[in-house]
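So you can see what is in the structure, the chains are spelled out below.
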Amino acid sequence: MSAVSTEGAQIPEQLEDLESFRERARSWIGANLRPATADEMRWGRFGGSEEAELASVARDRELQRKLFDGGFAGICFPRAYGGQGLSPGHQKVLNQELVGYEYPARMQVPTLSPCATVLLEFGTEEQKLRHIPAILKGEELWMQFLSEPSGGSDVAGALTTAIRDGEQWVLNGSKVWTTGAWWSDWGLCLARTNWDVPKHRGLSVFMLPIHQSGVEVHRIEMINGSREFCQEFMTDVIVPDSDRVGEVDDGWTVGTRWMFHERMLYSSPYVSVPDGGRQAGTAATRVLGIAREHGRMDDPSVRDLVGEARMLEIVSDELMKRVTESIKSGRLSDQAAAIGRLFKGTTASRISTLALEVAGSAGAAWTDESAASETAVSFLMRQVGSIAGGTLEMARNVISERVLAMPRERTLDRDVPFRDVPRSRPTGS
Amino acid sequence: MLLALTSDQEFFRETTERFLVEQAPPNEVRRLQKDTAGFDADYWRRGAELGWTSFLVGEAHGGGTISGAGLVDLCLVAYEFGRHAAPGPLVSTNVVAGALSARDAHPDVIADLVAGTGIASWCAPELSSVPGVWVPTVEIRRDGGEVVVTGTVSPVESAGQAGHLLVTGHDGGGITQVLVPASAAGVSIEPLRTTDLTRRFGAVTFDDVRLPEEAIVGAPGEASTDVEAQFLRTLAILNAEAVGAMQAAFDMTVEWSFDRYAFGRPLASYQALKHRFADMLTWVEASHAISDAASYAIEEGSPDAAELASAAKAFIGQYGAEVVQDCVQMHGGIGVTFEHDLHLFLRRFTVDRSLAGTPGEHRQRIGAILDRREVAA
Numbered sequence: 001m002s003a004v005s006t007e008g009a010q011i012p013e014q015l016e017d018l019e020s021f022r023e024r025a026r027s028w029i030g031a032n033l034r035p036a037t038a039d040e041m042r043w044g045r046f047g048g049s050e051e052a053e054l055a056s057v058a059r060d061r062e063l064q065r066k067l068f069d070g071g072f073a074g075i076c077f078p079r080a081y082g083g084q085g086l087s088p089g090h091q092k093v094l095n096q097e098l099v100g101y102e103y104p105a106r107m108q109v110p111t112l113s114p115c116a117t118v119l120l121e122f123g124t125e126e127q128k129l130r131h132i133p134a135i136l137k138g139e140e141l142w143m144q145f146l147s148e149p150s151g152g153s154d155v156a157g158a159l160t161t162a163i164r165d166g167e168q169w170v171l172n173g174s175k176v177w178t179t180g181a182w183w184s185d186w187g188l189c190l191a192r193t194n195w196d197v198p199k200h201r202g203l204s205v206f207m208l209p210i211h212q213s214g215v216e217v218h219r220i221e222m223i224n225g226s227r228e229f230c231q232e233f234m235t236d237v238i239v240p241d242s243d244r245v246g247e248v249d250d251g252w253t254v255g256t257r258w259m260f261h262e263r264m265l266y267s268s269p270y271v272s273v274p275d276g277g278r279q280a281g282t283a284a285t286r287v288l289g290i291a292r293e294h295g296r297m298d299d300p301s302v303r304d305l306v307g308e309a310r311m312l313e314i315v316s317d318e319l320m321k322r323v324t325e326s327i328k329s330g331r332l333s334d335q336a337a338a339i340g341r342l343f344k345g346t347t348a349s350r351i352s353t354l355a356l357e358v359a360g361s362a363g364a365a366w367t368d369e370s371a372a373s374e375t376a377v378s379f380l381m382r383q384v385g386s387i388a389g390g391t392l393e394m395a396r397n398v399i400s401e402r403v404l405a406m407p408r409e410r411t412l413d414r415d416v417p418f419r420d421v422p423r424s425r426p427t428g429s
Numbered sequence: 430m431l432l433a434l435t436s437d438q439e440f441f442r443e444t445t446e447r448f449l450v451e452q453a454p455p456n457e458v459r460r461l462q463k464d465t466a467g468f469d470a471d472y473w474r475r476g477a478e479l480g481w482t483s484f485l486v487g488e489a490h491g492g493g494t495i496s497g498a499g500l501v502d503l504c505l506v507a508y509e510f511g512r513h514a515a516p517g518p519l520v521s522t523n524v525v526a527g528a529l530s531a532r533d534a535h536p537d538v539i540a541d542l543v544a545g546t547g548i549a550s551w552c553a554p555e556l557s558s559v560p561g562v563w564v565p566t567v568e569i570r571r572d573g574g575e576v577v578v579t580g581t582v583s584p585v586e587s588a589g590q591a592g593h594l595l596v597t598g599h600d601g602g603g604i605t606q607v608l609v610p611a612s613a614a615g616v617s618i619e620p621l622r623t624t625d626l627t628r629r630f631g632a633v634t635f636d637d638v639r640l641p642e643e644a645i646v647g648a649p650g651e652a653s654t655d656v657e658a659q660f661l662r663t664l665a666i667l668n669a670e671a672v673g674a675m676q677a678a679f680d681m682t683v684e685w686s687f688d689r690y691a692f693g694r695p696l697a698s699y700q701a702l703k704h705r706f707a708d709m710l711t712w713v714e715a716s717h718a719i720s721d722a723a724s725y726a727i728e729e730g731s732p733d734a735a736e737l738a739s740a741a742k743a744f745i746g747q748y749g750a751e752v753v754q755d756c757v758q759m760h761g762g763i764g765v766t767f768e769h770d771l772h773l774f775l776r777r778f779t780v781d782r783s784l785a786g787t788p789g790e791h792r793q794r795i796g797a798i799l800d801r802r803e804v805a806a
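Quick mapping for you: the protein sequence lines, in order, are chains X and R.
The opening position of the first sequence corresponds to residue 1 in this note's numbering, with each subsequent residue numbered one higher.
The opening position of the second sequence corresponds to residue 430 in this note's numbering, with each subsequent residue numbered one higher.
Please note that the accuracy of each hint is not assured.
Pairwise CB distance ranges (calculated) [stated by the list, open to error]:
#1 R:Thr581 with X:Asp298: 52 to 62 Å
#2 X:Leu412 with R:Ser496: 51 to 61 Å
#3 X:Gly289 with R:Leu621: 35 to 45 Å
#4 R:Leu621 with X:Asp298: 56 to 66 Å
#5 X:Arg408 with R:Glu684: 13 to 23 Å
#6 R:Gly592 with X:Glu293: 31 to 41 Å
#7 X:Arg382 with R:Asp688: 31 to 41 Å
#8 X:Ser242 with R:Glu751: 36 to 46 Å
#9 X:Gly289 with R:Gly592: 48 to 58 Å
#10 X:Phe233 with R:Arg689: 49 to 59 Å
#11 X:Glu325 with R:Arg570: 29 to 39 Å
#12 R:Ala489 with X:Ser27: 36 to 46 Å
#13 X:Glu293 with R:Glu684: 18 to 28 Å
#14 X:Arg408 with R:Thr766: 42 to 52 Å
Please keep in mind that the hints were generated in silico from the structure rather than gathered at the bench.
Quick reminder that beta carbons are idealized off the backbone N, C-alpha and C, glycines included.
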């Protein structure tokens, strides 16, 4: 079905062997990137100032450009589009060598995957040549215009509408949960192009610049004070037909692969991220830090909790490798990416709870200097990992129905024109 | 298990699977419940011919591997043992054979173990929550040209069937290991009860057992690293077997969910149950992943082997128990009857979970390993 598999580009010539690549990556990284600061190691924390965030974005663009110039951007992207034409094995080596160094964190998800991978699979030659090299150079940051306020999990029920007007389309509607849309450049947008057919058959995918009149970006404040998530309101946004990705009304074919890439997250061979593996140990190390600050590591019950966090982290890494490998070999369908998603979600929740438990009363009140600082705030946001990127309930449906082949849930929106599908509680009943 | 096997490994796994399907079907396992040894000598000898006892033994001692990674090959057998709740002293015999071979000790005993004509077991020290620290319950004292073994170890797998016992003891300063013939004067074995139908355990007491110094395996007082290696291999085998038992219970329950109808629908059509199956599949896959990763790390002697092994034992023990018990729940009443096969896997899983450290003990070890590494860093 797809032009691109998780194996990356097939280059007829001999690929550089992994050890020589490792040497090359190591010496380049040592000479060109600086070691990450403790703060950078913790990217993903919220609440930094707007100026600091914009400075980080600018720095990430610079870093991406450095990687591009050094020949380390887009390891699995074909050379024709500015990539390196190498294998997932090379990407893995790079990820290992990046441990402890600054890297362009904001360029990875969703810009390189799923957005650029979707372009790679479904874009026209012109679209690919125009955008993929620009992405790999750090010139374009992309966002997914996918979820809508009317429903997160029911993605194919999108209400954003695109109406054809000659050689262009007019888009109206609203998208939500776009992380950092306020500092991003392009949106990959799923929109309804036909209301008279069942919902999966009336969708199309478009790309559009985010900063233009007609797109209003609103930043959403979360319960931890973060304002990274955004909602966009599109009013009569004009998109040329040449910026349509995939066939008209066939957007669900694109969307299916889009969501596959989305579920791969940081396991995708198209993103560069320092191997979160066993030496780096992030979440469990944080739990350990809290335990130590309170001198509690001598307590066997606390060692048990710290050990549990570490266990989950290690198993999560190994599971992701196994699932990726199984999809590649065809042992499991690509829908099995939901297995990794489910495990990561439940694990993040559990580790958040473990941290709160180990923090003791510092979970109620703390100082900024404390290792337990913000532990309770993270706990307030605990369920994010089980909601964002597709809820765990959806993942469980996918696993049982698409991997175990159990009967599908009954739906009332499958074989009827989308305009006849109930979308809210009936009035007066 | 089962990812990226070589064709030789896959051929071997299939051969073992076929052998177990024929020789150890559920009714045979049930029959063996009343058998003193829990397995037939001829069955074990034929299994040894397939290679079950050779993978941890060097070629000089008549052993050999399929893939070059002997522990990984052995884990394929262990996995099939779990999937069939198969009889036989797989863990104990292999660990002892490997330990003797590593120290080039008692080649005649190794030959018997590899041939399947002899059985041996390890009288292991107690687990401490500090990795690398062992607490033997046996004292091994040197007295002139002799060693004197005193103390009790419990539980010891296949103690009543073993011709030889590899005993780990303290000698005042360090850790020493000796190979004790089960027939030696002063050795007594009290049989223990267990949940598994074919596994056998005993409490072994050494009452001033005197042996010539040649009984010592490895360097006296310096056996700590040997013990660690034996322990990690034990974990790998138990983990692979537990995963096999989990997989069997899970597969059986998925089948059942399609076959069993309630209120005019198969169980597999209920979302409340489908979601639990999704969790179970995730935990089964995660158990495979961590079991395999740990086996490879132990085989390669990688620095994180102990951490991975404990992560595997802790995770599989904790989450596997939930999987197997939820399989029982999905079956309803039939799932807790002796007639149904499900309990064979529940039994095997439960024994494997409790041996060589529970999930809680291993979580504590992981915590200690992380703590120690962060101090060093």
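Going down the list of hints, with the structure as the test:
1. R:Thr581 with X:Asp298: 52 to 62 Å: At roughly 30 Å between Cβ atoms, Asp298 of chain X and Thr581 of chain R fall outside 52 to 62 Å, so the hint is violated.
2. X:Leu412 with R:Ser496: 51 to 61 Å: 53 Å, holds
3. X:Gly289 with R:Leu621: 35 to 45 Å: Holds, at about 43 Å.
4. R:Leu621 with X:Asp298: 56 to 66 Å: 34 Å, violated
5. X:Arg408 with R:Glu684: 13 to 23 Å: 19 Å, holds
6. R:Gly592 with X:Glu293: 31 to 41 Å: 54 Å, violated
7. X:Arg382 with R:Asp688: 31 to 41 Å: The hint (31 to 41 Å, Cβ to Cβ) holds, given that Arg382 of chain X and Asp688 of chain R are roughly 39 Å apart.
8. X:Ser242 with R:Glu751: 36 to 46 Å: For Glu751 of chain R against Ser242 of chain X, whose Cβ atoms are near 53 Å apart, the range 36 to 46 Å is violated.
9. X:Gly289 with R:Gly592: 48 to 58 Å: 52 Å, holds
10. X:Phe233 with R:Arg689: 49 to 59 Å: 50 Å, holds
11. X:Glu325 with R:Arg570: 29 to 39 Å: 52 Å, violated
12. R:Ala489 with X:Ser27: 36 to 46 Å: The hint (36 to 46 Å, Cβ to Cβ) holds, given that Ala489 of chain R and Ser27 of chain X are roughly 43 Å apart.
13. X:Glu293 with R:Glu684: 18 to 28 Å: 51 Å, violated
14. X:Arg408 with R:Thr766: 42 to 52 Å: Given about 33 Å between the Cβ atoms, the range is violated.
This entry does not satisfy hints 1, 4, 6, 8, 11, 13, 14, going by the numbered hints stated previously.
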